[in-house]
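Based on these hints, arrange chain W on the given structure of chain V.
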Amino acid sequence: MMGTITDRCAIVGVGESERSRNSGTTPLHMALDAARAALTDAGLEAKDIDGFMSYNENDSCTSHELATYLGVRPKYVKDIHGGGASTEMLVADAVGLIEMGEMNTVMIFRSMNGSSGQQVGRGYDSDMLQTALSGGSYIIPYGSASPSQWFGMFATRHMYETGITKEHLGHVCLSFYEHAQKNPRAFLHGKPLTMEKYLETPDISYPFNIHDSCVELDEANAIIVTASDRAADCRQRPVYIMGLESRQCHPHAHYWEDTSQVAADYVADGLYQSAGVKPEDIDVAAIYDCFSWVVLRQLEAYGFAPRGEVGDFAAEGNLKIGGKLPTNTAGGMLSEGYTHGMNNALELVRQLRHDYKGTERQVKDCELGICTGWAGPDIAGALILRN
Amino acid sequence: MMDYQKPIPLKTQDNKPFWDAADQHEMALQKCNSCGHYAHPPGPSCAKCGSQDLTWEQLGSDVKASVYSYIISYRPFLPGFQDDLPLIIAQAELEKAPGVKMMCNILDCKTEDVYVGMPVKMIWQDIAKDRALPQWVPAM
Chain V
23 MMGTITDRCA IVGVGESERS RNSGTTPLHM ALDAARAALT DAGLEAKDID GFMSYNENDS
83 CTSHELATYL GVRPKYVKDI HGGGASTEML VADAVGLIEM GEMNTVMIFR SMNGSSGQQV
143 GRGYDSDMLQ TALSGGSYII PYGSASPSQW FGMFATRHMY ETGITKEHLG HVCLSFYEHA
203 QKNPRAFLHG KPLTMEKYLE TPDISYPFNI HDSCVELDEA NAIIVTASDR AADCRQRPVY
263 IMGLESRQCH PHAHYWEDTS QVAADYVADG LYQSAGVKPE DIDVAAIYDC FSWVVLRQLE
323 AYGFAPRGEV GDFAAEGNLK IGGKLPTNTA GGMLSEGYTH GMNNALELVR QLRHDYKGTE
383 RQVKDCELGI CTGWAGPDIA GALILRN
Chain W
763 MMDYQKPIPL KTQDNKPFWD AADQHEMALQ KCNSCGHYAH PPGPSCAKCG SQDLTWEQLG
823 SDVKASVYSY IISYRPFLPG FQDDLPLIIA QAELEKAPGV KMMCNILDCK TEDVYVGMPV
883 KMIWQDIAKD RALPQWVPAM
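Keeping their order, the protein sequence lines are chains V and W.
Add 22 to a position in the first sequence, counting from 1, and you land on the number used in our numbering.
Add 762 to a position in the second sequence, counting from 1, and you land on the number used in our numbering.
Isolated chain V (complex conformation):
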């Protein structure tokens, strides 16, 4: 049974800027590079885009600025405050607006100087953090101010309950680093990782060391969404949106009140129902990977391995190209680069278009893919895409 939005819209173009530790330029310049690359990819002109959407953490340019410097007057712009899972939310918003006839073609982008500019979890005033975070006065005075510490609290408990080990986390890293070695554009291309090296690397926040954490970089990504009947006129093979769950919120997940549940646990049912497929139908995955453990917890939530077996699922090589669920095949945010989830979505689109056909990077015969977003234990969303 197909859902009501199945195949009505498609992703017709993707693009990115240069990826670096220090861009030497502004998020607006990088966003323009990514936007022009996506337009070229789609075979569209800027004037064909009538909606622009973006997300940021007060660290980017606006959709209005991007449209202005592409020389177009869009009907609609939207900028939301958000990190992970915002790509999925904005794709859902675009589909809704296209479906109601408000818009024809929407560009969604994320641009950030995530390395040279403002980094997540660093450089904030501690009193501001106490106010900004829900329940902040119970967190900040104890020295907990980094996502590695917040998510680590969930990880330690989950590892205790399910028997996941440090080696299991290492297998997630090893799988993605292996993919990065096939991707010349990955930031950690040329820097392979062994289990021995992984295990001897000191922790930053136990249970995480530097390899368990995403590579914060300067980069912009862009995606173009349009109605399926218009997609046929584009240059690329369309990647259809089969199903989605835009943004599930887990109440009161103050990173510590209830560490047994995460928002992703509530996404799977609606997601698979809207696409009319099951986890076993999925050929390739883009799983939000700000930290290695976050991947394992989501594999459990989205039904790819039973609780208690996700660690072994990764250890058996199933996340690698050739495994049961090739995941983050460009290296993921752990080794390609971190743009709050969007670079993984770009890679999934390219895999489903079979852009890498004839190379060792191509997941063979892949038809169906999942892209998940995780803003934290409290917010998640996901897309199912097909070629």
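Think of the hints as simulated: they come from the structure by calculation, not from any bench.
Owing to the predicted nature of the structure, the values given are computational and were not obtained by experimental measurement.
Please note that a few of the clues may not be correct.
To be verified - When the alpha-carbon atoms are kept at most 27 Å apart in a straight line, the in silico DSS-like pairs for lysine-lysine are as follows: (1) V:100 to V:213; (2) W:872 to W:778; (3) W:872 to V:219; (4) V:69 to V:204; (5) W:872 to W:773; (6) V:188 to W:872.
Leaving out everything else, chain W in the frame of chain V:
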């Protein structure tokens, strides 16, 4: 005490009764009269059921808990923590209020000794004039 460089809990409209009690070395928790759950962190209404019928319950100063989860921080992400590394940041699950887990530090404990389920007891750390922070140490 006057050299305390770490963040001091900010009192807000919603959490003031908790921190006022803490300054007196007492623990007070917000409780929902409608569904019976503790509402921690305290808020304008119950996050479990939305009820505005909330009261404050005194738990006194002899509070026991067990470690529900923890991380060990080897880097300071906030001012004032440099000399405390490696620092154990944990969730203490209260014995008297099992639904409530409080983020905390486990003091006087080697990092290799902390484990999930470890019994801990609350102590009061005086951090500024008239201000105190609940902290936790291994229960003997």
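Practice item. Mind checking the alpha carbons of residue 100 of chain V and residue 213 of chain V for me, to see if they're no more than 27 Å apart? Key: Measuring from Cα to Cα gives roughly 38 Å; hence the hint is violated.
Review point. Is it true that the CA of residue 872 of chain W sits at most 27 Å from the CA of residue 778 of chain W?
Key: Given that 27 Å is the threshold and the Cα spacing comes to 33 Å, the pair is violated.
Point to revise | Given hint residue 872 of chain W paired with residue 188 of chain V - CA-CA distance at most 27 Å | key: 20 Å, holds
Review point. When you check the alpha-carbon spacing of residue 872 of chain W and residue 773 of chain W, does it fall within 27 Å?
Key: Outside the cut-off at roughly 32 Å; violated.
Exercise for review: Would you check the hint for residue 872 of chain W and residue 219 of chain V, treating anything up to 27 Å between C-alpha atoms as holding?
Suggested key: 26 Å, holds
Review point. Keeping to a limit of 27 Å between CA atoms, is the pair of residue 69 of chain V and residue 204 of chain V held or broken?
Key: Not satisfied, since the Cα-Cα distance of roughly 36 Å exceeds 27 Å.
In this structure, the earlier hints numbered 1, 2, 4, 5 are contradicted, and the remaining ones agree with it.
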